[in-house]
Each structure stands twice: as C-alpha cells, then as structure tokens.
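Peer 1: Residue numbers (the working numbering), protein chains in the order written: chain U, 48 to 601; chain Y, 48 to 601.
Don't read these hints as lab results, they were simulated from the structure.
These numbers were taken from a predicted model, which means no experiment stands behind them.
All C-beta atoms, glycine included, are put in the ideal place defined by N, C-alpha and C.
Errors might be hidden in some of the hints.
Here are the in silico distance ranges between beta carbons for each label pair [said to hold, decoys possible]:
#1 Y:Asp396 / U:Gly512: 41 to 47 angstroms
#2 Y:Lys257 / U:Thr290: 51 to 57 angstroms
#3 U:Ser266 / Y:Ala382: 54 to 60 angstroms
#4 U:Pro458 / Y:Pro264: 40 to 46 angstroms
#5 Y:Gly512 / U:Ala169: 24 to 30 angstroms
#6 U:His170 / Y:Asn80: 53 to 59 angstroms
#7 Y:Ser287 / U:His170: 52 to 58 angstroms
#8 Y:Lys257 / U:Arg307: 40 to 46 angstroms
#9 U:His170 / Y:Lys501: 51 to 57 angstroms
Selected chain U positions facing chain Y (in silico; Cβ < 8 angstroms) [as the list claims (entries may be wrong)]:
#10 Leu95
#11 Ile151
#12 Asp236
#13 Phe240
#14 Gln574
#15 Ile601
Number of protein chains: 2
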Amino acid sequence: MANEPCVDFTTHPDRYKHWQLAIDGRIATLAMNVQEDAPLRPGYELKLNSYDLGVDIELYDAVQRLRFEHPEVATVVLTSARPRVFCAGANIRMLAQCSYTHKIHFCRFTNETRHGIEDATAHSGQIYLCAINGTAAGGGYELALACEYIILIDDGTSAVSLPEVALIAVLPGTGGLTRLVDKRHVRHDHADFFCTTSEGMRGQRAVNWKLVDELVPSSRFDEAVRQRAKAFAAKSDRPSDATGITLSPLARTLDADRIRYEQVSIDIDRHLATATFTVHAPRELPAQTPEAIHAAGVSFWPLALARQLDDAILHLRLNESDIGTWVFRSTGEHAWVEAVDTVLCTYADDWLVREITLYLKRTLQRLDVSARSLIALVEPGSCFTGTLLELVLAADRSYMLDGTFAESTLPAATMRLSPLNFGPLPMVHGITRLQRRFPGTPEHIAQLQKYMGKDLAAQDAEALGLVTFIPDDIDWEDEVRLALEERTSFSPDALTGMEACLRFAGPETLESKTFGRLSAWQNWIFQRPNAIGENGALTLYGTGKKSLFDKRRI
Amino acid sequence: MANEPCVDFTTHPDRYKHWQLAIDGRIATLAMNVQEDAPLRPGYELKLNSYDLGVDIELYDAVQRLRFEHPEVATVVLTSARPRVFCAGANIRMLAQCSYTHKIHFCRFTNETRHGIEDATAHSGQIYLCAINGTAAGGGYELALACEYIILIDDGTSAVSLPEVALIAVLPGTGGLTRLVDKRHVRHDHADFFCTTSEGMRGQRAVNWKLVDELVPSSRFDEAVRQRAKAFAAKSDRPSDATGITLSPLARTLDADRIRYEQVSIDIDRHLATATFTVHAPRELPAQTPEAIHAAGVSFWPLALARQLDDAILHLRLNESDIGTWVFRSTGEHAWVEAVDTVLCTYADDWLVREITLYLKRTLQRLDVSARSLIALVEPGSCFTGTLLELVLAADRSYMLDGTFAESTLPAATMRLSPLNFGPLPMVHGITRLQRRFPGTPEHIAQLQKYMGKDLAAQDAEALGLVTFIPDDIDWEDEVRLALEERTSFSPDALTGMEACLRFAGPETLESKTFGRLSAWQNWIFQRPNAIGENGALTLYGTGKKSLFDKRRI
Chain U
48 MANEPCVDFT
58 THPDRYKHWQ
68 LAIDGRIATL
78 AMNVQEDAPL
88 RPGYELKLNS
98 YDLGVDIELY
108 DAVQRLRFEH
118 PEVATVVLTS
128 ARPRVFCAGA
138 NIRMLAQCSY
148 THKIHFCRFT
158 NETRHGIEDA
168 TAHSGQIYLC
178 AINGTAAGGG
188 YELALACEYI
198 ILIDDGTSAV
208 SLPEVALIAV
218 LPGTGGLTRL
228 VDKRHVRHDH
238 ADFFCTTSEG
248 MRGQRAVNWK
258 LVDELVPSSR
268 FDEAVRQRAK
278 AFAAKSDRPS
288 DATGITLSPL
298 ARTLDADRIR
308 YEQVSIDIDR
318 HLATATFTVH
328 APRELPAQTP
338 EAIHAAGVSF
348 WPLALARQLD
358 DAILHLRLNE
368 SDIGTWVFRS
378 TGEHAWVEAV
388 DTVLCTYADD
398 WLVREITLYL
408 KRTLQRLDVS
418 ARSLIALVEP
428 GSCFTGTLLE
438 LVLAADRSYM
448 LDGTFAESTL
458 PAATMRLSPL
468 NFGPLPMVHG
478 ITRLQRRFPG
488 TPEHIAQLQK
498 YMGKDLAAQD
508 AEALGLVTFI
518 PDDIDWEDEV
528 RLALEERTSF
538 SPDALTGMEA
548 CLRFAGPETL
558 ESKTFGRLSA
568 WQNWIFQRPN
578 AIGENGALTL
588 YGTGKKSLFD
598 KRRI
Chain Y
48 MANEPCVDFT
58 THPDRYKHWQ
68 LAIDGRIATL
78 AMNVQEDAPL
88 RPGYELKLNS
98 YDLGVDIELY
108 DAVQRLRFEH
118 PEVATVVLTS
128 ARPRVFCAGA
138 NIRMLAQCSY
148 THKIHFCRFT
158 NETRHGIEDA
168 TAHSGQIYLC
178 AINGTAAGGG
188 YELALACEYI
198 ILIDDGTSAV
208 SLPEVALIAV
218 LPGTGGLTRL
228 VDKRHVRHDH
238 ADFFCTTSEG
248 MRGQRAVNWK
258 LVDELVPSSR
268 FDEAVRQRAK
278 AFAAKSDRPS
288 DATGITLSPL
298 ARTLDADRIR
308 YEQVSIDIDR
318 HLATATFTVH
328 APRELPAQTP
338 EAIHAAGVSF
348 WPLALARQLD
358 DAILHLRLNE
368 SDIGTWVFRS
378 TGEHAWVEAV
388 DTVLCTYADD
398 WLVREITLYL
408 KRTLQRLDVS
418 ARSLIALVEP
428 GSCFTGTLLE
438 LVLAADRSYM
448 LDGTFAESTL
458 PAATMRLSPL
468 NFGPLPMVHG
478 ITRLQRRFPG
488 TPEHIAQLQK
498 YMGKDLAAQD
508 AEALGLVTFI
518 PDDIDWEDEV
528 RLALEERTSF
538 SPDALTGMEA
548 CLRFAGPETL
558 ESKTFGRLSA
568 WQNWIFQRPN
578 AIGENGALTL
588 YGTGKKSLFD
598 KRRI
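The shape of chain U in the complex, shown without the other chains:
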C-alpha cells in the first residue's frame, strides 16, 4: 500500500464542498467556490479558488452527473462563485509538499477530467462555456482552455495567465501548453511570451492572441454569458424532454487484498505485485430496448461495468502504486455480452446509450494511460466479446489457453469480435485498438470484420493476430507465472516509459500529446532540483527566497 491515506473517488453533490451546481432548463452553471479549510490532506489552505485532488474529484463527479442525470442540459457554464477570482490553479503548497507520486497521479486525473469536459462538448452535445469572472491563473486558465468558448470579464484587472514557468519552474501541467497551440491555434511565439509572463494578459490583446474568445465589460457580463449559453444550447442535440438516470452510490467492498463490485472483482497479489480484475458478463439477457435501458439505469450492465472499472482503476492507480501489473480475466456468457453490444449499436442515437458507450470509451482510455503493465488471460469460461475484448486488445500482452484445462470440464476458450471493436471505443490518439494493433494494414481490419460474431478459438485468434501467445494446458501455468514474475522484476520507470512509447503507434491527438509529450516533460521537471530541490522554485515559492538554478540546458 502507498504511504499516503486512501483516497476515495466517489462523491455526491450533497457532499460537495467546492462546487455549486445549478440547473436552469437547458443551461447548467457549475461554479467553483473552494472551501479554503477543506483540503484533501492537512497542511495547506485552498486560497483563491486553488484546487487539489479533492476539488477535482468533485469536478469529475459533477461532469459525470451532468451527462447522465441531466439529459436536458445542453450548455454548462463553468464559472466561479467568488468575486474577482475565477481560479488560481493547482494549490502550490500542496504541489510542493506532496509526494512525487501524488503529483503525477494528480496531474493525470485532472488531465482526464479536462479531456472528459471536451468529450462532453464534442460528443454529448453538452457544451462547456467558460465565464471567467476574475483572475484565471495556471490550472485555472487551463480549466478554461478545456471549454469550447471562453468569455473574459473586462474589469481592468481580471487576466488569464500561465505563470508556472516563471514562478515555480514547472510546466502548466494540465494540457495548457498543448491546448494553446494545438486547440486554440495561438501562435507559438505569442504562446512563448504569454507562458513566460507571470502577470498574464487581459483586454483586447487576450482576444487578438486567441487566448480568450470574447471580452465583456462587467456591466454586461452575466447577460452576455447567458446569451452565449443559449446560443450554444440551440446547437446541441441533447433532448430537452428526457429524464436522466440517477448515478446512485456504487456498491463496493474494500478489503486489504480484495475489492468487490457487482460485475468486477479485484484480487491483489502483493508478492507478484499484480491486481487481477475478473469481469463478470451480464448474468441474464440485458435490457433490449431504450425504455428498458432507461428503466434499468445504473444497473444496466455496460454502465455498471464502466462505473466499476472506472472506480477500480482510479483506486488502484492512486492507492496501490506498488501494484505494477494489472491482469484481466472474464467470466460468463459470450452471448449476453454480445447482446449488450448489439443493443448499444442499435440504439446508438439514444442519448443514454450514447453516454454509456462514451463512458466505456473513456474508461478504456483511462486504462491505456494508467502507467501499469496490462496482461490479459483468456481462459475457459471467459467471455471476451466486443467491449470486453477491448481489454484483451488494450493489454500489453495476452495469453489464451489453447484447449482445455485437464482438471476442468469447461470447454476451450473463445473470443468474439463485435461492432464495438471497430469504431466506437477509440484510444486517446483517435484510432481503435485494432487499428493500433495492425497499423498500415486496413485490409486486415476489413478482413476481421467478416469474423464478427464468430467464436474464435485460440488458434483462430492467434492466426488473426488477436492474442499474443496460446500456450496449452501443459505450459499455461508456468508461462503465465514466469511472465508475471519477470514483469515485477523490472524497473517500474523503464516499464512506464516503454509502454508509453509502444502503446500509441499511429497518429497523435491533443489528448495523446498531453499524456505523451507534455506529461512526460512534466514528470521529468517534477524530478529536477531546479523545481523540487532545496533551492528549487517550487520548494521556495512564497518564502521570499530566490531560487538558485543549475543553468545547464540539457
């Protein structure tokens, strides 16, 4: 277990300390109002709407609930409930005092939440609009950058800024650099000036340089925001007359080495440093119509699966950082998994079905960027079909038993392709796991489509390139055990770097650039004495002492 206390990623609006969520017809307002004396861990105050992981867990919860509980919401106005301050970004004292591991996990989660905001805007018809009603610094401005449209108040003082390089010798770590140039198309030289100017920018130059979309005087600000929100809402395809489903609390039991959800259970082996996920197929034929799906709500299997996997990934990632390998198994009926995929495809236009598929996508993407070795085991009794087959395709390596176990009556394992493997669940770099697997050979992917719905035994799966190894009963146990033992013998850092380079063959997107390029540089900088050493800028921030930098460029 990590040395730091366990962090729970589940929450509920009734328990929010830092955000106010108000809904008025098609428009929701999500206002930041950080409670200063309620940090996740003692030791710092969350002044000026600065945030820590606790604040961001609530934001993530709010974004998720808006998607599922509020189909009628077409525009989300992200703003601050405080006068003159929008958000001061990640709390610097928290960053300075928390462990290196925590810094990285914190940045990764905040990045994912911001990508989730963009995903809602792009794919859910829930468009985020940022009303910057005060100073937006660092992570505060980066939060704004995740929104589709940014309105800055013109009050003579409110500015946007990315002061990290100048003040604390680290990068704006939640996508700001990448979003400036790749999303907003800010000219790189303007971005250079802006990112080294700690006081930031305001007024017309902020608009001219594309840092914000619109500048509005204080007197007209609220009205202008309302008008823009309405205009965006008019473009949304969210149904204004639908009823949301309730994201009721997850049933979870958390023991020392075992975590149990309804569809997912996880067993930790501390010697092997593995967490074995066992995913259960639906236990009966799942809902077959939109009405039945809406009625089932969070108990509809794919949504339950996404929520449970999501929570498990977040929990293990932060609270079990010594557990370096995640192993995926499945159990149950192929047919019922396939039935789920069929219904997800058939009713893809239904707002809830769309949300569920998008959530599955995001959860699988979270897996890809989790800095853990992923191994899939395909055994008799498993049901790696379609959506679940993505777990095998996501794995760095997969093993499928060729034949049966001597001591078992279960028939030999098979796997099945479904339409979900061919588009709706892309990786962060915009291509499917099959496209990533077979780069440069679209004809092979066309070939695979012909196998949809067919039971593929180990030799078929190997011939089609869908699994890595197919040991038989005699070799299985040794081969798998040796692979896991070997994995845990390696340096976790080298594995993280290697996996990050091998997993994302093909194109890059804003999202993959954030995780691959920006985060890699930030991870590096978070190790450098110039930031975190005794005389580093992050360490000395606020003390009045001046940093002494090692000036070597490398």
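Mind docking chain Y on chain U? Use the hints.
Peer 2: Only chain Y this time, still in chain U's reference frame:
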C-alpha cells in the same frame, strides 16, 4: 563552460578509428570496427563494437561524406567488420559514468544521425541496407532499425535485441521503440515481449514479427547482401556518372567567448547566458548554374552556411550547456540571399543542389530540437530572406526594429519570403515553419505566397504575423535586454519542457515522436534512482549485484 572537455564534431575518414568505408561503384560498405581502447574519454573500453559519442561522430561524418562526396553511391550497406558481432549498442559503462547532461546530448546526437540515415534513404536516393552479421543489441539493433532493409545472418546464434529495460532499467533511447511500432509496424504486444526479452530474437520468428526483413544462412549471406544492395541501387535516382565535391575542413577559430566561421560568427555573453549568431549573406552574387555550383563546392554559400551552422550548433549544445539562449542576427544583402534561394529552387533536381537543400533542412531541424531558447533580432542591415528567414520563423520569439536607429544611416530593416519558406525546409514533424506558425489557416499561407520577393518592413511583417514584436528605436534596447535577462532568470528545465511543447504544434512524425515522446521519457528515466541511483540498474550493471527498485508506478 561545461566541466567536461570540449568535444570536436569534425573529423575525416583518414582519422576514423571505428569505421571502415569502402566504395565499389554504386555500393558503399560502411563497416563498424570499433577500436576498444579509443573511447572519447578515458574510463571505459569499447568492447564488442559498442559505441560512444566519438564513434557516432565518425558515423555522422561518414553519412555526410557519402551524400556529398559520393553521388555515385546508391546503396550503403551498414555492417560490422567483426565476426559474430554486429554492434552491442551504446557502451553501458560510458552511460553509467558520464554526466546526466552528456547522456542527453549523446542520445540527441545519435538520434539525429539515425534520422539523417533515413533522410538519405528517403530523399537522396542513398538507400541504407543493414547486414547484421552478428549480434545486434540495444543501440546496435536501433542502428539497424534506421535502415530501409534489415538482413539478419542465420547462424544459430546471431540475434537482434533491445535488452535495455531488462538489463539497465532505461529505454532503448535512439528511436528503437518508436521505430518498431511506427516504422516497421511490429505489433505492440510483440514489441512488448521483444523489448523485455534480453536475449532478443533470431530465426524465423524475427522475420515473422517484422523485426528483420530477411534471414540468410551464413554461407549465402555476403552474396545475398550484395544482391539486395544491387536491387536497391537499381531503384535509386543517384547519378552514376557524377563527381562529388570534397567536404574540406571547416575554417574555424575558437576563442573563449567568440567562434568565427566564414559566414557565421558567434559571440557569447556569459552574464546574459546568450550566444549571438551573426549570419553573413553571400558577399557577392553566388553561383548561378549547376556547373558553377559544383565548381564552387563547399564554398557555395548555402552549403558553407549549413556546415558552419551545423558545427556551431553541435559545439554550443554540448560544450556550452550553460548558454541557454541563442540569438540570431544577420547582415548583408537580401538580393544575394534571394539569388541563392532562386538557384536552389531552379536546379532542385541537380543531385548536389538537392543535397544542399536537404542539409539546410536538417540543420534547421537540429536547431528546433536543441533545447535552447531561440530569439531572432531583425535590425537595419539584416537580410532575413527565405532560407535565413527560417531562423526568424524558428525562433521562440522575434523582435524587428520598426524604423531606423538614431545613430545609424542604415535604412529600416525588411524581410523577404522566398519559395524556400513554403516547402523544402520542413520541421521534424513534417510541416513548414509557416504552417506551424499559422495552424488551421492554409488561406493565410496562400496569402503569404503572394508576398514572395517583396520587401516587408516591420509593420508589414507584424501585420502578416511574421514577427512577434516591433519596438521602435526608443524601446528597442530595453525591450530586447529585458527579454534576454528574463529568459536567463528562468529554470532551464522548465524552458526546455515548455519550448518542446509549444514548438511542435500540428501533426507528429516518427522523428518528432522520437524527440518529443521517447526522449522525454528517457530524460525522465535517466534521472530516476531505479536507473542511476546507488542501487540502480545502470549503476550496478556488470557488478553482479542486484538492483533494488522502488516499485511504485507513477
């Protein structure tokens, strides 16, 4: 100055210690034969054809000379002069004992040289073929991966491997991971297995997994290589009857704070931590026909410029790591720079002209990835036209004087666009600096084409987005000085990370992924105790002691 002794990047085949270059008509053979007792610095032996920066400087020289001195060479066979060993990769003792800074510089330079090999293959008709006649481990196999075609000897023992993760807890740092999946389309799970298997792979599986292209028994190896080399040569457009030019030694004077070449001079200000490059335009009308260009050889201005800039960049990067900001000035006649660009375009099909343009491209690319802040100053008397304008466009920030200096009779500065700004000199991520500058607005670039050849004064240049700031005479000195002082006050690490993220807006290529993603992860790993700490794997390699890893995944 850095603490380590100055490294000279210039050499000549007569002085090679580690490579044998033989030319037989259309086919050159470049054979590695590393002299064990001739490391760049004392303290390690270059056993088993392992390499250090000294070995790689010779390789770079050979690759360059093949391009310019041997137009007749259409295929280069890269092999080893040793029996049973191709190349053991970067010398591990060297890596373990050299400074952090040296590791990073070494990796960057070796990466550039390997990209140069691919550039020759793709654009010069000089196709690299790798004849692996023994074990190719780590950087040895990565060198093979830079070649177009890989033939592995089938002698029962020779294998290819990337054992870095398993043996020394670092990444294969010269593009191997990226090339496996993005260039050779090795399946990511195969790559995962291969990169964690220190003994590597040989035989048919190496072919099936696309790790090599062909497997040939020892008895037929030389003949098979010859046949392949001939077949590739037949596809090349290199002229078999042309005469090369000689890359005669560079004239250079190297003083403490001043470096002088014929067209480029560099002044170092150690207080400001700046190196100011002043580039001189041609001093007369340059050669106007292919015949005259060939006759001029290395004294033809753009080639002289590329060689001098290249050497200066390499020198400053490694030997002056405390000098964090490079400032670019120019002086001379626009017309003569423009005449050069015209001739480069007009005779683009001439093999030598093509080589010169490609060399300019690579040199400017080296600038982009040099981990230095780049500032351009456009003043009266300057000649930032076309090729030289790329220095302004490459800069993180540029200043152009609006008007004249009070004390000077020089007319106000102008700049000019030429066809060289619109295609032939792309950045490592495959787009021009103008495309990087104006992402998402191809219509603006089309607009700029209409201004080719026109004198653009400061206000025009600003209106067209070609410069960052245009202070007048009154503000110039203060504004520039403050910018440089501010730059040197920042953490060099934060600047390196920031610039790496801002400079490469747009698509990614194998090359930019190597520098952006793989190198960033490697830089991080080279800082991690699991690799370089007292009990780290790189430190303990060869001692028989077992590394103690911090098992946390981050």
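Peer 1: The structure should be examined with respect to each hint, and the outcome stated for every one.
Peer 2: Each hint tested on the structure:
Taking 41 to 47 angstroms as the suggested C-beta distance range, the pair Y:Asp396 and U:Gly512 conforms, at roughly 43 angstroms. For Y:Lys257 paired with U:Thr290, a C-beta distance near 53 angstroms keeps the hint of 51 to 57 angstroms intact. For the hinted restraint 54 to 60 angstroms between U:Ser266 and Y:Ala382, the CB-CB distance of approximately 56 angstroms keeps it satisfied. A hinted range of 40 to 46 angstroms holds for the C-beta pair U:Pro458 and Y:Pro264, which are about 44 angstroms apart.
Separated by about 28 angstroms at the C-beta atoms, Y:Gly512 and U:Ala169 satisfy the suggested range of 24 to 30 angstroms. A hinted range of 53 to 59 angstroms holds for the C-beta pair U:His170 and Y:Asn80, which are about 58 angstroms apart. Restraint check, Y:Ser287 to U:His170: a C-beta distance of roughly 57 angstroms satisfies the suggested window 52 to 58 angstroms. One distance hint, 40 to 46 angstroms for the beta-carbon pair Y:Lys257 and U:Arg307, holds here, with the actual separation near 42 angstroms.
The supplied range of 51 to 57 angstroms is broken by U:His170 and Y:Lys501, whose beta-carbon atoms lie about 46 angstroms from each other. Restraint check, U:Leu95 versus chain Y: the minimum CB separation of about 22 angstroms is more than 8 angstroms; hint violated. A cut of 8 angstroms between beta carbons decides the hint on U:Ile151: the least distance to chain Y is about 5 angstroms, and the hint holds. With a cut of 8 angstroms, the hint placing U:Asp236 at the interface with chain Y holds, because the nearest CB-to-CB distance is about 4 angstroms.
The interface hint given for U:Phe240 is met, as the beta carbon of that residue sits about 6 angstroms from the closest beta carbon of chain Y, less than 8 angstroms. For U:Gln574, the interface hint holds, the least distance from its beta-carbon to any beta-carbon of chain Y being 5 angstroms, beneath 8 angstroms. Checking U:Ile601 against chain Y: minimum C-beta separation of about 5 angstroms stays under 8 angstroms; hint holds.
Checked against the numbered hints above, the structure violates hints 9 and 10; every other hint is satisfied.
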